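Line by line, the protein sequences are chains H and G.
Okay, so the first sequence: first residue is 273 according to our numbering, each after it adds one.
Okay, so the second sequence: first residue is 205 according to our numbering, each after it adds one.
What the hints contain is simulated information worked out from the structure, not anything from laboratory work.
Since this is a predicted model, take the numbers as computed values, not measurements.
Take the hints with a grain of salt, since some may be wrong.
Said to hold, decoys possible - With a cut-off of at most 30 angstroms between alpha-carbon atoms, the simulated DSSO-like pairs for lysine-lysine come out as follows:
| id | chain 1 | residue 1 | chain 2 | residue 2 |
| --- | --- | --- | --- | --- |
| 1 | H | 357 | H | 341 |
| 2 | G | 454 | H | 357 |
| 3 | H | 357 | G | 541 |
| 4 | G | 407 | G | 395 |
| 5 | G | 541 | G | 552 |
| 6 | G | 541 | H | 341 |
| 7 | G | 552 | H | 357 |
| 8 | H | 341 | G | 532 |
| 9 | G | 532 | G | 454 |
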Amino acid sequence: MSASVRNTVLSLIAEQAFLDPSEIRLDALPEELGLDSLSMVEAIFTIEEAFDISIPFDTQTAEGASNQKNIGALLAQIEALVGEKAEI
Amino acid sequence: MAYTIREIADALGAEASGDQEFQIRRPSEPSRAGAEDLALAMDPSYGPALAQGQARAAVLWDGADWQSLGLTAAIFVSRPRFAMSHITNFFAVPPDMPVGIHPTAIIGPDAEIAEGASIGAYCVIGAGVRIGPNARIGSQVTIAEQTSIGADCLLYSGVRIGSFVTIGDRFAAHFNAVIGSDGFSYVTPEKSAVEDARATLGKAVEFRDQTWHRIASVASVVIGDDVEIGANSSIDKGTVASTRIGSGTKLDNQCQIGHNVVTGRDCLICGHTGVAGSAVLGDRVVLGGQSGVADHVTLGSDVIAGGASAILSNVPGGRVVMGYPAVKMDQNIENYKMVRRLPRLVRKVAELEEAVKNLSGKS
Numbered sequence: 273m274s275a276s277v278r279n280t281v282l283s284l285i286a287e288q289a290f291l292d293p294s295e296i297r298l299d300a301l302p303e304e305l306g307l308d309s310l311s312m313v314e315a316i317f318t319i320e321e322a323f324d325i326s327i328p329f330d331t332q333t334a335e336g337a338s339n340q341k342n343i344g345a346l347l348a349q350i351e352a353l354v355g356e357k358a359e360i
Numbered sequence: 205m206a207y208t209i210r211e212i213a214d215a216l217g218a219e220a221s222g223d224q225e226f227q228i229r230r231p232s233e234p235s236r237a238g239a240e241d242l243a244l245a246m247d248p249s250y251g252p253a254l255a256q257g258q259a260r261a262a263v264l265w266d267g268a269d270w271q272s273l274g275l276t277a278a279i280f281v282s283r284p285r286f287a288m289s290h291i292t293n294f295f296a297v298p299p300d301m302p303v304g305i306h307p308t309a310i311i312g313p314d315a316e317i318a319e320g321a322s323i324g325a326y327c328v329i330g331a332g333v334r335i336g337p338n339a340r341i342g343s344q345v346t347i348a349e350q351t352s353i354g355a356d357c358l359l360y361s362g363v364r365i366g367s368f369v370t371i372g373d374r375f376a377a378h379f380n381a382v383i384g385s386d387g388f389s390y391v392t393p394e395k396s397a398v399e400d401a402r403a404t405l406g407k408a409v410e411f412r413d414q415t416w417h418r419i420a421s422v423a424s425v426v427i428g429d430d431v432e433i434g435a436n437s438s439i440d441k442g443t444v445a446s447t448r449i450g451s452g453t454k455l456d457n458q459c460q461i462g463h464n465v466v467t468g469r470d471c472l473i474c475g476h477t478g479v480a481g482s483a484v485l486g487d488r489v490v491l492g493g494q495s496g497v498a499d500h501v502t503l504g505s506d507v508i509a510g511g512a513s514a515i516l517s518n519v520p521g522g523r524v525v526m527g528y529p530a531v532k533m534d535q536n537i538e539n540y541k542m543v544r545r546l547p548r549l550v551r552k553v554a555e556l557e558e559a560v561k562n563l564s565g566k567s
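Use the sequences and the hints to build the structure in full.
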């Protein structure tokens with residue numbers, strides 16, 4: 273499950289950033305990929321829709337998904353949410 | 205024309221290292237820079253691009269190791285965007301407007317044009333117009349009667365300025381800007397359907413046979429110092445009090461400022477924005493591109509509106525707004541989040557409905 277979640281998340285972020293999925297480094301902040309706060313909101317929506325989950329996010333703080341978090345941390349959060357959903 | 209690194213650093217008020225007498229001809233993007241160019245690489249992220257180009261001199265970020273970048277000379281800046289203002293103005297070529305009044309220009313009676321003016325071909329300057337020193341006025345500009353403009357104005361071709369307009373110093377207007385057109389103001393003999401619609405928020409509108417009667421613009425436009433108006437933008441005259449644009453305010457291209465509007469100082473009004481009649485803007489208000497401000501609305505100082513915001517009600521000072529209707533930016537994103545999640549919510553409710561139905565024995 274996890275590999276496909278990871279591939280989907282990275283490809284959706286890459287699509288929003290006009291990059292190749294291989295260029296999405298897990299230690300990069302959204303800003304370093306050229307994703308400003310509103311672009312990141314859009315990326316999160318496409319991820320939500322792909323997995324039918326709700327990702328808590330707040331652009332101001334490090335709560336939930338946010339621009340202060342690197343891609344790896346966001347990925348871990350999404351994997352956890354997808355995992356919870358699978359258990360239900 | 206070549207410039208030394210020392211000249212440019214002095215103009216920028218910046219520190220330089222390396223060969224101060226090294227000469228460059230023009231600014232350039234780092235990756236495309238030739239040996240006579242000044243590469244603009246003011247952020248560490250431009251380091252690799254610098255290596256792709258041939259630049260021997262560059263403007264760099266504070267503390268950059270210029271020698272390891274293989275440069276002969278470097279200038280250091282701490283705020284790249286602000287440095288861009290100095291750098292671009294240093295290299296900007298002023299428009300070709302020689303001092304003198306072109307023989308085809310028509311100057312009205314009692315017009316006073318101060319020394320140092322350049323007035324281009326086929327300009328028409330109305331009666332009693334006063335223009336301050338060192339005016340640069342391109343071709344085919346018209347300035348109607350009794351208008352006054354301060355020192356050092358720069359009016360590009362096709363600018364039209366109406367009558368009785370008052371403009372401060374260092375005014376700039378780009379091609380085909382219009383200042384002082386009549387306000388868009390009409391009234392019906394009896395109460396109009398629009399007034400009903402507004403008072404009842406669309407609930408009780410009585411349609412009547414009605415014609416529109418013009419409310420004339422008796423006042424004009426008053427513009428402060430250091431104002432800049434973009435191409436094809438227009439500012440209407442006021443009805444009984446003048447439309448006012450505060451000092452330092454800049455308008456982008458194709459903006460519309462309605463009659464009686466008052467803007468404060470240092471506002472920034474981006475392209476395709478419309479400000480409807482009698483709206484009041486405080487100081488330093490920024491309206492993103494394609495924004496709209498409804499008539500008779502007040503925006504406090506330091507309001508920032510994101511692109512395409514439609515501001516329909518008053519906004520207190522210091523607030524950042526966005527959307528239609530414009531609300532606080534974080535609220536707008538929250539609303540958008542809800543809208544985006546709505547289809548999934550609907551599906552979920554349908555599933556729950558089904559589950560409840562099954563629980564209650566398909567009643």
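Outcome of the hint check:
no.: 1; hint: H/357 <-> H/341; verdict: 23 angstroms, holds
no.: 2; hint: G/454 <-> H/357; verdict: 52 angstroms, violated
no.: 3; hint: H/357 <-> G/541; verdict: 20 angstroms, holds
no.: 4; hint: G/407 <-> G/395; verdict: 16 angstroms, holds
no.: 5; hint: G/541 <-> G/552; verdict: 16 angstroms, holds
no.: 6; hint: G/541 <-> H/341; verdict: 19 angstroms, holds
no.: 7; hint: G/552 <-> H/357; verdict: 13 angstroms, holds
no.: 8; hint: H/341 <-> G/532; verdict: 24 angstroms, holds
no.: 9; hint: G/532 <-> G/454; verdict: 24 angstroms, holds
The structure fails hint 2 only (numbered hints given earlier).
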